[in-house]
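Here is what each chain is made of, one letter per residue.
2 protein chains.
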Amino acid sequence: MFRFSVLIACFLVQYSSILMAQSAAKKFTLVIHGGAGVITRANLSSEREQEYHRALDSALRIGYAILEQGGTSMNAVEKVVNYLEDNPLFNAGIGAVYTADGTHELDAAIMDGKTLAAGAVAAVKRIKNPISLARLVMEKSEHVMLIGEGAEKFAQTQNITLVPNTLFDTPARKRALERIQQEEREQATKDSIKQDSIRKANLKKRSASDKHGTVGAVALDIHGNLAAATSTGGMTNKRFGRVGDAPIIGAGTYANNGSCAVSATGWGEYFIRTVVAHDVAALVEYKGLSVQSAGQEVINKVGKLGGDGGMIILDTKGNFSMPFNSEGMYRGVITQENKPTTAIFK
Amino acid sequence: MFRFSVLIACFLVQYSSILMAQSAAKKFTLVIHGGAGVITRANLSSEREQEYHRALDSALRIGYAILEQGGTSMNAVEKVVNYLEDNPLFNAGIGAVYTADGTHELDAAIMDGKTLAAGAVAAVKRIKNPISLARLVMEKSEHVMLIGEGAEKFAQTQNITLVPNTLFDTPARKRALERIQQEEREQATKDSIKQDSIRKANLKKRSASDKHGTVGAVALDIHGNLAAATSTGGMTNKRFGRVGDAPIIGAGTYANNGSCAVSATGWGEYFIRTVVAHDVAALVEYKGLSVQSAGQEVINKVGKLGGDGGMIILDTKGNFSMPFNSEGMYRGVITQENKPTTAIFK
Numbered sequence: 001m002f003r004f005s006v007l008i009a010c011f012l013v014q015y016s017s018i019l020m021a022q023s024a025a026k027k028f029t030l031v032i033h034g035g036a037g038v039i040t041r042a043n044l045s046s047e048r049e050q051e052y053h054r055a056l057d058s059a060l061r062i063g064y065a066i067l068e069q070g071g072t073s074m075n076a077v078e079k080v081v082n083y084l085e086d087n088p089l090f091n092a093g094i095g096a097v098y099t100a101d102g103t104h105e106l107d108a109a110i111m112d113g114k115t116l117a118a119g120a121v122a123a124v125k126r127i128k129n130p131i132s133l134a135r136l137v138m139e140k141s142e143h144v145m146l147i148g149e150g151a152e153k154f155a156q157t158q159n160i161t162l163v164p165n166t167l168f169d170t171p172a173r174k175r176a177l178e179r180i181q182q183e184e185r186e187q188a189t190k191d192s193i194k195q196d197s198i199r200k201a202n203l204k205k206r207s208a209s210d211k212h213g214t215v216g217a218v219a220l221d222i223h224g225n226l227a228a229a230t231s232t233g234g235m236t237n238k239r240f241g242r243v244g245d246a247p248i249i250g251a252g253t254y255a256n257n258g259s260c261a262v263s264a265t266g267w268g269e270y271f272i273r274t275v276v277a278h279d280v281a282a283l284v285e286y287k288g289l290s291v292q293s294a295g296q297e298v299i300n301k302v303g304k305l306g307g308d309g310g311m312i313i314l315d316t317k318g319n320f321s322m323p324f325n326s327e328g329m330y331r332g333v334i335t336q337e338n339k340p341t342t343a344i345f346k
Numbered sequence: 001m002f003r004f005s006v007l008i009a010c011f012l013v014q015y016s017s018i019l020m021a022q023s024a025a026k027k028f029t030l031v032i033h034g035g036a037g038v039i040t041r042a043n044l045s046s047e048r049e050q051e052y053h054r055a056l057d058s059a060l061r062i063g064y065a066i067l068e069q070g071g072t073s074m075n076a077v078e079k080v081v082n083y084l085e086d087n088p089l090f091n092a093g094i095g096a097v098y099t100a101d102g103t104h105e106l107d108a109a110i111m112d113g114k115t116l117a118a119g120a121v122a123a124v125k126r127i128k129n130p131i132s133l134a135r136l137v138m139e140k141s142e143h144v145m146l147i148g149e150g151a152e153k154f155a156q157t158q159n160i161t162l163v164p165n166t167l168f169d170t171p172a173r174k175r176a177l178e179r180i181q182q183e184e185r186e187q188a189t190k191d192s193i194k195q196d197s198i199r200k201a202n203l204k205k206r207s208a209s210d211k212h213g214t215v216g217a218v219a220l221d222i223h224g225n226l227a228a229a230t231s232t233g234g235m236t237n238k239r240f241g242r243v244g245d246a247p248i249i250g251a252g253t254y255a256n257n258g259s260c261a262v263s264a265t266g267w268g269e270y271f272i273r274t275v276v277a278h279d280v281a282a283l284v285e286y287k288g289l290s291v292q293s294a295g296q297e298v299i300n301k302v303g304k305l306g307g308d309g310g311m312i313i314l315d316t317k318g319n320f321s322m323p324f325n326s327e328g329m330y331r332g333v334i335t336q337e338n339k340p341t342t343a344i345f346k
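Read top to bottom, the protein sequences are chains A and B.
Heads up: the first sequence begins at 1 in our numbering, then just goes up one per residue.
Heads up: the second sequence begins at 1 in our numbering, then just goes up one per residue.
Please note: incorrect hints may appear among the correct ones.
Dumping the calculated DSBU-like pairs for lysine-lysine here, alpha-carbon to alpha-carbon at most 30 Å [claimed, not checked]:
1. A:K301 with B:K287
2. B:K174 with B:K153
3. A:K174 with A:K128
4. A:K140 with B:K125
5. A:K174 with B:K140
6. B:K140 with A:K301
7. A:K317 with B:K287
8. A:K317 with B:K301
9. A:K114 with A:K128
Covered stretches of chain A (chain B as the covering partner; in silico rule of three or more C-beta atoms under 8 Å from a C-beta of chain B) [to be verified]:
10. 145–153
11. 241–250
Examples of chain A residues toward chain B, derived with CB under 7 Å [what the hints assert, rightly or not]:
12. L116
13. A118
14. A123
15. E269
16. I272
17. R273
18. V275
19. H278
20. A282
21. Y286
22. K287
It should be emphasised that the hints constitute simulated quantities derived from the structure, not laboratory data.
The beta-carbon is built from N, C-alpha and C at its ideal position, and this holds for glycine as well.
My request is simple: use the sequences and hints to build the entire structure.
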C-alpha cells in the first residue's frame, strides 16, 4: 500500500510538472498599435471608437490563432500587420495617407529577435502589403533595406504582383490632404514672408493632427523568440521622398531576444534622431531597466526634443509596456489567456 | 621689494592660468576614415599606398584649419568629407562604385552631437557632394531623411546644381564592376542550380574585396561639441535601390555630446542589424565603457554575425578609437598639436 501511494505520488508530481512545463512553454504575448496622436473623445465619435476597438480586437485574434498553435512571433507580427495594412482605418497599406503629389509611398520594417535578421522597404508605391515585402527582403535578398522602384523590381523577382497606387486611396485621407494643403495656402497668404517660427508651429499643429499614423506589432512566441514589425504610409502631404522612422532598424523597429522588441509610432524625425527602438533596448540590456522604465525614459527624451508619439515594447518574459506622450494611441494586448484588451485614450 | 615680488608672482599665476585656459579651450580632435576591407600589402603598391596616406593627410589638414580657427565640428566633418567625396581614391562622390545598372547611387548622413539634429540622403544620383545635401536636409527641411529623386528635387529648392551621374565615373571602379559581373556569370554557369551556401560564400568574397568603401569623419571642436559625417557610393553591383548603413542614423552615423560620435564603414547589412553607431554610444553612456572597449565590443558583435568593417569613435574628452576586424582601414587623426597621423594596416 505504501509502495503504491509512493508510485501514485511520483506519478502526480511528474504529471503536474509536465502540465506546468506545457503551460510555461505555452506562454506567449502579442502587443499591437495602430498609431498615436491627437485622438480626443471630442473628435472621435462613439461609433468610430467602436470600429477601432473591433479592428484592434480582430488583429489580436489573428495573432492569437498563430501563436496558440505554436506559430512563430515572426509569422504573428507579419499577419497582424497585414490585417492592419488592409484595414482602411489605419495609415498603412489601404488607408495610407497621401503625399503632396496625391500618391501614396509606403514604408515598412520587420526584425527577428532570435537571429537579428531584418528587412525594410521605403517609398514603395505598388506593394499591397509592404511588411511582407520587408520580410522577403530579409529572407530572400542579401540586403536589409531596399527603396523605391528598386524594391518593387525585387518584389517582382519574388512573384509579388504589383498593384496600382490608387488601391490605397480612401476618401477620408484625401480630405485630410486637401485640408492640409488648403491650410498651407492660407498660411502662405497670411505670411508672405514666412517666418521660421510660424512654419515650425504649423508643422507641429499638422503633426499633431495628421502625422502619426503607423501600425505595428511585437510578439513573443512559445519558443521564447521576439519579433517586431512596423508599417506606415508616413505623413500627410509629405514631399521629397521623405522617410520616417518606421523602416529604420533601431528607430521605429527593433527586436533582440537579449533585450526586447519595439515598434514605434510618432513624429518620425524625432524618433530617428533619438534612435528610439534601439535606445529602449539598450536601456533594458545595459542599465537593467524594466520595459516600463526604459520606454518612459525614451519617450521623455523624444518629448524634450519637441516630438511626440508612442511605442509598444515586449521582453522575453512577456513584460510589456505601451508608453506615449500624445493624447491617444490605438493599442491592444493578448496573451495565452486569450483575453484581448484594447485601448485608445490614456 | 617684497610687495613687488608678490605682484609679479600674482601676475605670473594669473597669466599662466589664462594660458592654461586658452590651451584647454583650444583642445580639438578630428578622426577620419576612408573605408575598410581587404587591403593587403600584396594588393596595394607602395606608390598607391603613399597616395592614400597623402590624401588622408590632406583631409586632416583641411579639418585642422577649420578647428584651429575655432570652427565648429559640423563644419569640419562636412568639409573633410567633401574633400574625400571629391577624391577618386575613395568610394564616395567622384570614385563611387557602380550599381548593377552601371550608374552611381550615393548615400550620406551627418549628425550634430550638441542638438541631436541630423540629416541624411540615400540613392541620390546627381548630387556632387551628398554630405552637404544631408546637412541642408538637416538645416533647411523639416525632415531627417530624403531619398532618390525627391532628395534631388529638394536640392534644387536649395540652389544646388544637379550634376550628370557620369561625373562620378572612374575607370578603376568600372573595372571592379566588370570583374564582379564576370565572376557572377561564371559562377552562374558553374552552378546552374545556385545553392544558397554558394551564393552566400560568393557574397562574402565579394564583400571582402569590393564592398567596404565609405568615407567618414568625427570631430570635437574647441567649444566641446561633437559631430559625425559619413558618405558612400555603397557596394559595387548593388541592385534594387539597396541602402547600406551609412545614411542610417544610429547604424553608420551617430553623434551625441552625452556619449560619443561614430562613423562606420563596413558590410552595411550587418552594421544596420547591429545598430552599430548607437550601440557604441549606448555602451559608453549606459555602461560607462571607454570608446576603446565599446568599439571593440560592437565590432565583435558584427563579426559574430558574420560581418566585417570598422569605425571611428570620438568622445568629448578627445578620447578616440578606430577598431576594425577587416584587414585594413584607411584612417587618420589630428589634434590641436597639429601632428597628423595616418594608417592603413593594423
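In rising order, the numbers of the hints this structure does not comply with: Going through the list in order, the structure violates no hint and respects every one.
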